[in-house]
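Chains as they are written, first to last, in the numbering used here: chain A, 1 to 344; chain B, 1 to 344.
Just so you know, the hints here were simulated from the structure itself, not pulled from any lab data.
Fair warning: this is a prediction, and the values are worked out from it, not measured in the lab.
Take the hints with a grain of salt, since some may be wrong.
For chains that are exact copies, the list does not tell them apart, and a pair is met inside one copy or across any two.
Restricting the straight-line Cα-Cα distance to at most 30 Å, the calculated cross-link-like pairs of lysine-lysine (BS3-like) are [to be verified]:
| # | residue 1 | residue 2 |
| --- | --- | --- |
| 1 | K11 | K297 |
| 2 | K11 | K216 |
| 3 | K266 | K31 |
| 4 | K32 | K327 |
| 5 | K297 | K31 |
| 6 | K3 | K279 |
| 7 | K11 | K84 |
| 8 | K11 | K214 |
| 9 | K31 | K327 |
| 10 | K327 | K84 |
Number of protein chains: 2
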Amino acid sequence: MEKELFQFSQKQVQVLFDATFNLVNELSGGKKLIFITDQNLFNLHEEKFKGYQTIIIPAGEANKNQATVNQVINELIAIGADRKSFIVGVGGGVVTDLAGFVASIFMRGISFGFVPTSILAMVDAAVGGKNGIDVGGFKNMVGVIRHPEFLLYDYQFLKTLPEEEWRSGFAEIIKHACIKDRGLFTFLQNKKLSDFQNEHKLIADLVKQNVLIKYKVVSEDENENGERQLLNFGHTIGHAIEHECTLMHGYAISIGMVAATEISEKIDGINDNRIVLVKELLKKYGLPTTSNFDREKAWNIMLADKKKSGGYLNFIVLDEIGKASVKQLALPKLHTYLTELSLS
Amino acid sequence: MEKELFQFSQKQVQVLFDATFNLVNELSGGKKLIFITDQNLFNLHEEKFKGYQTIIIPAGEANKNQATVNQVINELIAIGADRKSFIVGVGGGVVTDLAGFVASIFMRGISFGFVPTSILAMVDAAVGGKNGIDVGGFKNMVGVIRHPEFLLYDYQFLKTLPEEEWRSGFAEIIKHACIKDRGLFTFLQNKKLSDFQNEHKLIADLVKQNVLIKYKVVSEDENENGERQLLNFGHTIGHAIEHECTLMHGYAISIGMVAATEISEKIDGINDNRIVLVKELLKKYGLPTTSNFDREKAWNIMLADKKKSGGYLNFIVLDEIGKASVKQLALPKLHTYLTELSLS
C-alpha cells in the first residue's frame with residue numbers, strides 16, 4: 001500500500017493506492033459508514049457490504065439523474081443519516097459522481113470518500129472533486145466541486161470489471177497521454193490491454209501514474225480557468241455523441257478525440273501524423289474511431305455545453321502528441337468544423 | 001444608499017442598504033441577468049422585470065422543493081443559460097433559498113445575487129450563504145453553503161408585503177434580540193409593528209441592524225460549529241410545528257421560541273420572567289405563542305433534524321434576555337421536555 005496526500009485549496013485528500021477495501025472503516029474516522037453502490041457491483045461483491053448500511057442504485061449512466069438522487073436522499077432520511085454519517089461511494093464513475101453530489105447537498109454537505117472500482121473512475125471520475133448528474137441527457141449539467149476525504153484503490157475490483165469497461169477506461173488514459181505525456185503515449189504503444197489485465201504491478205503503476213497526472217492538472221487550476229480545461233480534450237464532441245448514440249463514456253470520448261484531432265489539424269493547418277497515431281493507439285485498445293452520428297443533433301447538444309459562453313466555446317486542440325491547448329472558437333466556425341468532419 | 005462589504009472565507013459580498021432595484025444591472029458586472037421570482041411578486045411588480053429573462057416559480061414554502069428546482073433548471077437550459085449568466089433571486093426566503101441553491105449546482109455553480117423582498121428574507125434567509133430546499137416536508141434537508149455576489153435592499157417592496165408576512169419576519173428580529181441584543185429587545189418593547197410599517201427610516205435602520213447581527217454571528221462561525229448555532233433558537237421545535245401545522249415560518253418559530261424558553265427554565269431551574277417577556281413581545285407583534293400540536297408527530301420530525309447527531313441534539317437555550325447558549329441534550333431528555341411543554 002502506498003499513501004499520498006493530495007492538497008487542494010479546501011481540503012486534503014488521503015489517497016491510498018494498492019490498498020484493501022476493509023481500510024474504509026479506519027478512513028472514516030469513527031463516523032457512521034453508509035455505502036452507496038450500484039446493483040451490478042453489489043451482486044458481484046455482496047460479501048464486502050455485509051453488516052453495513054448500503055444504498056443500492058440502479059447501474060448505468062442513464063440512472064445518473066435526479067430520480068436516483070431523490071431515491072438516495074429518501075433512503076438517507078429513512079435510515080436516520082445525520083451530519084456524523086460518512087458516505088462511501090463504491091463503484092464506477094456513475095456511482096462516485098452521484099454519491100459525491102448527494103453527500104455535498106445532504107444536510108448542506110456531509111463527509112464522504114470514494115472506492116473507485118472501474119479504470120475510468122480510478123483515473124478520472126473520482127479524482128478532482130467534480131461531481132454531479134445529467135439532466136435530460138445533458139451531461140453533468142448539475143453538480144458541485146467538492147473533494148472527498150479519501151480515495152481508496154483496491155485493484156481486486158478490476159478482476160470483475162467487464163472487458164468493455166476496461167476499454168472505456170483506457171480512453172481517459174490515452175487522453176492523459178495525448179495532452180500531457182508523450183512518454184506515456186509511447187509506453188502504451190508498446191503494450192496491449194491484456195498486459196495490464198494480467199499483471200497486477202503494471203496496472204497498479206499505470207493507474208497511479210494517471211491519477212498523479214490528473215491531480216497535478218487539477219491542483220494547479222481547481223476552478224478550470226486554464227490548464228484544467230485541457231482535460232476536456234475529446235469531450236465536447238464526445239459528450240454530444242454519448243448523448244445521441246448512448247455509447248459508453250470512453251467509447252464516445254475515443255471518437256471525440258479523433259474528431260478533435262482532425263479539427264486541430266484544420267486549425268493549425270499542419271497535416272502531420274497526429275491523427276494517425278491517435279487513431280492507431282485507440283484502436284489498439286479496442287476503442288472506436290469512426291462514427292456516422294447525426295451532426296445537427298450533436299450540434300444542438302453542444303450548444304448547451306458548459307464550456308460554451310457567449311458566442312464562443314473553449315475547444316481543446318492537440319498541438320502535438322503530449323501537448324494540448326485551449327482555443328476559443330466562434331460557434332459558427334465550430335459548426336463548420338463539425339459538419340466537415342470525416343471520421344472515417 | 002449605504003454600502004457595506006461582508007467578508008466571508010470564500011467570498012466578499014457587496015451589501016447595498018436602502019438602494020433601488022435597478023442597480024442590479026450594475027451589480028451583475030455585465031453578465032447576462034436571469035431573474036428568479038415567484039408568481040405573487042411578479043404579479044405585484046411586473047414592470048420591474050420587463051425586458052429581462054425571468055423565471056417565475058409558484059409561491060409558498062410548499063414549493064421550495066425538488067420539483068421547482070427541476071422546473072428552474074429546465075428553463076435555464078431552455079433559455080441557453082451558461083457560465084456567464086447571472087441569477088438574481090427576487091423575493092422572500094423561498095425564492096432566495098431556492099435561487100441560491102439552483103445557482104450553486106447549475107453547471108457546478110454560476111454567479112448569483114439576491115434582492116430580498118420580505119422582512120424575513122431581508123434579515124435572515126438571504127444572509128449567511130445557507131440555501132436549499134425541503135424534502136418531503138423536512139426543512140432545508142438538501143442544500144449547500146455558498147454566498148451571493150450581492151445583497152440589494154430596496155424597501156419599496158415592503159409596500160406590497162402582506163400583514164402576516166410582516167409579522168412572520170418580526171419573529172426572526174425578536175429572535176436576534178433574544179439571543180444577542182437586550183437593547184434591541186427593549187427597543188422593540190417600546191415600539192409597535194405599525195411604527196415600522198409607517199416610517200421608512202425606522203424599518204430601514206431595523207433591517208440594517210438585524211442584518212449586521214446575523215452577519216457578525218455567521219462570519220465568526222461560517223460552518224456552524226459554535227456561535228452560529230444560536231441562530232437556531234426556537235427552530236428545532238419550530239420546524240417540527242411548521243411541518244405538522246403548515247404554519248408560516250415566523251409563526252412556527254414564534255411558538256418554537258416560547259417552547260425553547262420554557263425548556264430553558266426547566267434546564268437551569270430558574271423561574272424568572274424570561275418566558276413572560278418573550279411571550280409578551282411576540283404577542284405585541286401579532287405572533288402566536290400557544291399551540292396544541294401533536295407532540296409525537298413533532299418528535300418524529302425532530303429526529304430527522306440536522307442538528308441531531310448520534311444520540312444527542314444541540315438545543316439552544318435562552319440564558320437570559322439577550323444571551324443564549326448551546327446545550328447538548330440527550331434525545332430521551334428532550335422527548336420528555338417536549339411532552340411536558342405547557343405552551344398555554
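These are the hints, each one checked on the structure:
1. In this homomeric assembly, K11 and K297 never come within 30 Å of each other (Cα to Cα): the closest approach is 40 Å inside a single copy and 39 Å across copies.
2. In this assembly of identical chains, the alpha carbons of K11 and K216 lie at most 30 Å apart whether taken from the same copy (15 Å) or from different copies (25 Å).
3. Neither within a single protomer nor between protomers do K266 and K31 lie at most 30 Å apart by alpha-carbon distance, with minima of 54 Å and 32 Å respectively.
4. Taking the shortest Cα distances, K32 and K327 sit within 30 Å of each other only across copies (23 Å), while inside one copy they are farther apart (46 Å).
5. Taking the closest pair of Cα atoms, K297 and K31 come within 30 Å of each other only across two copies (28 Å); inside a single copy the shortest separation is 47 Å, beyond that limit.
6. Neither within a single protomer nor between protomers do K3 and K279 lie at most 30 Å apart by alpha-carbon distance, with minima of 35 Å and 58 Å respectively.
7. For the homomeric pair K11 and K84, the shortest alpha-carbon distances inside one copy (18 Å) and between copies (27 Å) are both at most 30 Å.
8. Within a single copy, K11 and K214 get their C-alpha atoms as close as 16 Å, and across copies as close as 27 Å, so both meet the 30 Å cut-off.
9. With identical chains, the CA atoms of K31 and K327 are at most 30 Å apart between copies only, with a shortest distance of 22 Å across copies and 46 Å within one.
10. Proximity of K327 and K84 under a CA criterion of 30 Å is satisfied inter-copy only: 18 Å between copies versus 45 Å inside one chain copy.
Against the hints set out earlier in the document, violations occur for numbers 1, 3 and 6.
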